[in-house]
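Let chain U serve as the given structure and place chains X, R, A and L on it in line with the hints.
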Amino acid sequence: MQMGKVIGNVWATRKEEGLEGLKLLIVQPVNSAGKPIRTQLVAADRIGAGIGDDVLVTSGGSSRYIMKEKSLPIDAVIVGIIDSTEVERGGLNESSDWND
Amino acid sequence: MQMGKVIGNVWATRKEEGLEGLKLLIVQPVNSAGKPIRTQLVAADRIGAGIGDDVLVTSGGSSRYIMKEKSLPIDAVIVGIIDSTEVERGGLNESSDWND
Amino acid sequence: MQMGKVIGNVWATRKEEGLEGLKLLIVQPVNSAGKPIRTQLVAADRIGAGIGDDVLVTSGGSSRYIMKEKSLPIDAVIVGIIDSTEVERGGLNESSDWND
Amino acid sequence: MQMGKVIGNVWATRKEEGLEGLKLLIVQPVNSAGKPIRTQLVAADRIGAGIGDDVLVTSGGSSRYIMKEKSLPIDAVIVGIIDSTEVERGGLNESSDWND
Amino acid sequence: MQMGKVIGNVWATRKEEGLEGLKLLIVQPVNSAGKPIRTQLVAADRIGAGIGDDVLVTSGGSSRYIMKEKSLPIDAVIVGIIDSTEVERGGLNESSDWND
Chain U
1 MQMGKVIGNV WATRKEEGLE GLKLLIVQPV NSAGKPIRTQ LVAADRIGAG IGDDVLVTSG
61 GSSRYIMKEK SLPIDAVIVG IIDSTEVERG GLNESSDWND
Chain X
101 MQMGKVIGNV WATRKEEGLE GLKLLIVQPV NSAGKPIRTQ LVAADRIGAG IGDDVLVTSG
161 GSSRYIMKEK SLPIDAVIVG IIDSTEVERG GLNESSDWND
Chain R
201 MQMGKVIGNV WATRKEEGLE GLKLLIVQPV NSAGKPIRTQ LVAADRIGAG IGDDVLVTSG
261 GSSRYIMKEK SLPIDAVIVG IIDSTEVERG GLNESSDWND
Chain A
301 MQMGKVIGNV WATRKEEGLE GLKLLIVQPV NSAGKPIRTQ LVAADRIGAG IGDDVLVTSG
361 GSSRYIMKEK SLPIDAVIVG IIDSTEVERG GLNESSDWND
Chain L
401 MQMGKVIGNV WATRKEEGLE GLKLLIVQPV NSAGKPIRTQ LVAADRIGAG IGDDVLVTSG
461 GSSRYIMKEK SLPIDAVIVG IIDSTEVERG GLNESSDWND
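In order, the protein sequence lines correspond to chains U, X, R, A and L.
Mind the numbering: the first sequence is residues 1 to 100 in the numbering used here, read in order.
Mind the numbering: the second sequence is residues 101 to 200 in the numbering used here, read in order.
Mind the numbering: the third sequence is residues 201 to 300 in the numbering used here, read in order.
Mind the numbering: the fourth sequence is residues 301 to 400 in the numbering used here, read in order.
Mind the numbering: the fifth sequence is residues 401 to 500 in the numbering used here, read in order.
These are computed hints drawn from the structure, not numbers from a lab.
It is possible that part of the hints are untrue.
[What the hints assert, rightly or not] Now the stretches of chain A that chain L is said to cover, found in silico as 3 or more residues with beta-carbon under 8 Å:
id	segment
1	330-344
2	350-359
3	380-388
[To be verified] Across the chosen pairs, the derived CB separations fall in these ranges:
id	chain 1	residue 1	chain 2	residue 2	range
4	R	Thr213	A	Lys323	21 to 27 Å
5	X	Glu117	R	Ser284	42 to 48 Å
6	A	Arg346	U	Ser84	17 to 23 Å
7	A	Lys368	U	Lys23	28 to 34 Å
[Claimed, not checked] Some chain R residues close to chain X (C-beta under 7 Å, calculated; not the full set):
id	residue
8	Asn209
9	Thr213
10	Leu219
11	Leu256
12	Val279
13	Ile281
14	Ser284
15	Glu288
Built from N, CA and C at the ideal position, the CB exists for glycine as well.
Here chain U stands alone, though its shape is the one from the complex:
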């Protein structure tokens, strides 16, 4: 999973059938320090996340498994709203790569 912050909404009227009724949120992935990493994605949401929330996102085929029928053509879903994180500082320095 990846951590991210919800930054927006997307609306699409014309869409594949499987997406009907799904809320779609724009998420900016962040690291444990809250720094943006990688690039934005759009995730389905069924647990009531909103703009500003820190969330956990599951990507790829596993995101279909939020539904029993597993037939949604989606590749990202918000699976949790983060309450808190605890990160060990020191020891391993976090990557200082530009894409961290």
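For chains X, R, A and L alone, kept in the frame of chain U given last:
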């Protein structure tokens, strides 16, 4: 999912059987500001997207799930045509990474 | 899918059973301008592609779906030989990122 | 799989049903020299890994296969705690890419 | 698939059940010129690869398909040991990107 803009078409006469009759569009992923991110991909389209449209693209194995039979050898499909987006500015600055 | 150019062949005598008899080609992904993007990959080919051909490559689990039995341990397959592309210039500038 | 170091914990009260009771750890991928590579991810853990452990992480749909029922909406799981590694130095220099 | 060079071994005593008895090798992906690309990964091996071998690696969910039962929680497997490659030089210049 990722947001993108349709920038072109691809035609292939010789192809795997599963691709017969599928429209294939070249999509440039973009972020919520409309800025190109990552690299171009080719997505199947069944909902009538065309050049210039802002679209939502599902990637990976989930893209097969637009069809009941789920046997298409495709890894990207346009699942929605974006009407509008709403993005919270401020608070979290968007990544200024070159690849955002 | 991604566009690419076939640049070579790979031969492996010792291999997993599922790969027996599959032609394996080295592909350099390219964008719609023919510029190399990302890094080389090796794709299975059943449609007769050869060095110099512009091709469409499906990656990930969907690449197994070229076979009914779907049991091949492959993650990339050539699904089409590109005849032509049509790309809208202007409007959206293509990413000038180094990895585009 | 990728090698990584566990650097933290994540807690989420509101979440998709499939995640109930799963421990979630923040992992920083590292290469064989212990140098951070790529960006942080959050992995489920069932084998008792903790902060500071060097671990092996399986990503994508395969991470569901730690459970018989295979219905977890997760895309990363810790599958092993690394005891030791042996790396051949010389011959092939490791990539000096910034993202290695 | 991707080409790579086996550079090391990983041992883990505490691990998910599905990994019991699987040999795990550290692989540095390389391009057709033998130049390191991307970042190291750990792949399961059943065909007897060893340090210094040039190999083909299948990633993602397809890597489970080396086993009939398909229940391994792995996301990378060595599917072939490369005997030789033939690469067309000229025409298309290889990407000179740092990550090629």
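Ascending list of hint numbers which this structure does not respect = Per hint list: 4, 5, 8, 9, 10 violated.
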